[in-house]
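*Asks:* One-letter residues, chain by chain:
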Amino acid sequence: MQQSFEGKATPMTVITPMRPRWRPLVWAILAVFRHLKLGVVKELAFIHFARWLLVKRGRLPHLSPRQPVERLDDDWFVFTTNFNGPWDQYIDAFGMVGGVRGGLDWLWWTSRGFPGAWPMRPFKRYIRYFEYPLDLYCNAYPGASVRDIACALELSSRLDAFLAATPPDEDAAAFARRWCAFLDAVAPTLGDTGAQLQEIPSPHSKVPLELRS
Amino acid sequence: MAAPVLDLTDIQAQFGGYDRHWPVGRFWYLRWETPDAGRALLARLPPLAHCLHLDDSDTAIAVNVAFTHRGLAALGLDPTMLDSFPEDFRQGMRARAPLNGDTGPNDPQCWDDAWQGGGVHGWVGAYARSAQALEEFARDFETWLSATPHLVRAGSEDVSRFYADPARPMHIDDPASNPSRPVVLEHFGFRDGVSNPPVAGMPQDGPATGIGMLNKDGSWSPLPAGEFLLGQVDADGEVPPGPQPESLARNGSFMVLRKLEQDVDGFRAYVAGVAAGAGIGADALAARFFGRHRDGTPLADPSTLNGFTFGDDPQGRRCPLGAHLRRANPRDSMGFGTVLVDRHRILRNGITYGQPVPHGVLQAEVNGDAGQGLMFIAFNTSFAGQFEFVTQQWLNFGNDQNQGNDRDPVVGVQVPPARFVVPGDGLRPTVVCAGLPQFVRLRGGDYFFLPGIAAVAALASGPGG
Chain A
182 MQQSFEGKAT
192 PMTVITPMRP
202 RWRPLVWAIL
212 AVFRHLKLGV
222 VKELAFIHFA
232 RWLLVKRGRL
242 PHLSPRQPVE
252 RLDDDWFVFT
262 TNFNGPWDQY
272 IDAFGMVGGV
282 RGGLDWLWWT
292 SRGFPGAWPM
302 RPFKRYIRYF
312 EYPLDLYCNA
322 YPGASVRDIA
332 CALELSSRLD
342 AFLAATPPDE
352 DAAAFARRWC
362 AFLDAVAPTL
372 GDTGAQLQEI
382 PSPHSKVPLE
392 LRS
Chain D
57 MAAPVLDLTD
67 IQAQFGGYDR
77 HWPVGRFWYL
87 RWETPDAGRA
97 LLARLPPLAH
107 CLHLDDSDTA
117 IAVNVAFTHR
127 GLAALGLDPT
137 MLDSFPEDFR
147 QGMRARAPLN
157 GDTGPNDPQC
167 WDDAWQGGGV
177 HGWVGAYARS
187 AQALEEFARD
197 FETWLSATPH
207 LVRAGSEDVS
217 RFYADPARPM
227 HIDDPASNPS
237 RPVVLEHFGF
247 RDGVSNPPVA
257 GMPQDGPATG
267 IGMLNKDGSW
277 SPLPAGEFLL
287 GQVDADGEVP
297 PGPQPESLAR
307 NGSFMVLRKL
317 EQDVDGFRAY
327 VAGVAAGAGI
337 GADALAARFF
347 GRHRDGTPLA
357 DPSTLNGFTF
367 GDDPQGRRCP
377 LGAHLRRANP
387 RDSMGFGTVL
397 VDRHRILRNG
407 ITYGQPVPHG
417 VLQAEVNGDA
427 GQGLMFIAFN
437 TSFAGQFEFV
447 TQQWLNFGND
457 QNQGNDRDPV
467 VGVQVPPARF
477 VVPGDGLRPT
487 VVCAGLPQFV
497 RLRGGDYFFL
507 PGIAAVAALA
517 SGPGG
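Those sequence lines, one after another, are chains A and D.
Under my numbering, the first residue of the first sequence is numbered 182, with each subsequent residue one higher.
Under my numbering, the first residue of the second sequence is numbered 57, with each subsequent residue one higher.
It is possible that some hints are incorrect.
Stated by the list, open to error - Here are some, though not all, of the chain A residues that point toward chain D, as calculated from beta-carbon distances under 7 angstroms:
1) M277
2) V278
3) R282
4) R302
5) D329
6) A333
7) L371
8) D373
9) T374
These are calculated hints, taken from the structure and not from any lab test.
Every residue, glycine too, gets a C-beta built ideally from N, C-alpha and C.
Pulled out of the complex, with its shape left as it was, chain A reads as follows (with noise of 0.2 angstroms):
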């Protein structure tokens, strides 16, 4: 599967299979979850949002009588993501810092086959054998990732607060004097943003190549 969305974020869709008998369990683990405070996840910064879902083998699409209804054994567990940056570096962050990884084995425990989020190789195999191919994907400011964003409002917000602040009879001195320590303040937020679409998509970024093939 090679993927080739413009823009810096890069989606990702797991959808594994899990036996209807763990149900409840999996619908108390997922209650649990959404009353955490996942701090780690705004920490690692290259993440968007995650989001868990239980699928009942019974509520697929049925989008037309002319679908044949089928009658499966297993519920669907899926797992939806966009994050910055090469798939490796997500995967990896996953299963390298221990608070996720914990988190991670309690999530997908359920799901057939899961090997556990570490070691690697067989997790990042199992993410790789059960991830979704995506045919649309909209993304509505490709040149931004979510650091560009926060950045970017941080700047915003400290710009309004500093024009509010400048008088209009201001003397030069004492604007200079001001908009230094502006600058220096925001400093740290003047990255440049935007696409450069030639230079993000590479083939590497996406998957890693010894589960390629």
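Starting from the known structure of chain A, arrange chain D on it as the hints suggest.
*Replies:* Only chain D this time, still in chain A's reference frame:
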């Protein structure tokens, strides 16, 4: 975890690096038109230099050899063996130019002649204790080369190390910024090669603090050998994918070779111009590009050479997040100790070429068109996961360092608006370096496989051997 027992006599010396005992060298880029010519070359080389007690050996010359994938194919290797190499190595650096940002002025079409046409099959690197010893070896070797049929000399490169010298200051505007000790310098006049990852099982120069892997208890460990040596366990506890059979991979490593030409005149002029406009010293500003002062003292913590972290400087006010050393190895900048960094380290053992350019002198006055720069050499067990990752994600992109699209101010491939922001620290004003020119230009190179010494012998023996 106990360090693995490595057979240092089977690991080629280039992997461990050459020190001040080996100040000069020459690289040959060779091509063999028949498998026999390639094997004749391997048979002709003196016993290969290895990592154990290199400096104590009584030889005056140390020789190593490495192969491109085309070179291995031209040796007549079995297709199953050839296909067992990872895809990045099979493709080579030229084919992967877009990943590494080797476009525009760095495009392979602009590389030196040695890397055009039929390409390079093998790299032979000879280092010597003296220029005289090198000349003696080179004379015999080149005579033999030209007399050997089907062996083509695609090019060669003289390399040499140079040291800080009070008689040859390299500052821009502050003479006091020159190192007071004779440290190894690169051509912009900064100390080089001081923060390589310590490799478990290899001889250690010093503690792993700051440059190794940060453990949960706050201590530091060397990187697992498998991050750099094939056939060893890596940071994931796995043996990295490498060529089959295992005996071909053992004690081998993947080597990146890049000839990086440095625009010393351009660097000095640009930094001087921006510094003058901002009202700060040019050498102080230049240090922000690198993350260290000229003598290697880190901006992050002047009390140590390597034992520092960035965790307490998240805004880059002491050491800018965009500085070269912070991009190339973010240490703990990304949180979670160093776990997000440990899989992306490279072991650098490069050496400069060309004569140093003293303060106030232009490059052309030193050595005409020959230029000066760095023969960048780096080892890893995955080009894609290590060298290419660092180049693509950290040097030519800024997201992980909160720098947006901005690129490494020293080695990045600059694309307008090409900016480098040096946040002020309260005393020094914020400086926005705009319209960065490209200071480093790629003149050629490739991805090589540096086999273990027993594996080279096996390659030399050939099919009936």
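*Asks:* Evaluate each hint against the coordinates.
*Replies:* For each hint, the structure was consulted:
1. M277: holds, 4 angstroms
2. V278: Holds: closest Cβ of chain D sits about 5 angstroms from A/V278, inside 7 angstroms.
3. R282: With Cβ-Cβ at 10 angstroms, over 7 angstroms, it is violated.
4. R302: holds, 5 angstroms
5. D329: It holds, given that the least Cβ distance between A/D329 and chain D is near 6 angstroms, below 7 angstroms.
6. A333: Given a least distance of 9 angstroms, the restraint on A/A333 is violated.
7. L371: Holds, about 5 angstroms.
8. D373: Since chain D brings a Cβ to about 5 angstroms from A/D373, closer than 7 angstroms, the hint holds.
9. T374: Hint on A/T374: holds, closest Cβ of chain D at ~5 angstroms, below 7 angstroms.
Violation of the numbered hints given earlier is confined to hints 3, 6; the remaining hints are satisfied by the structure.
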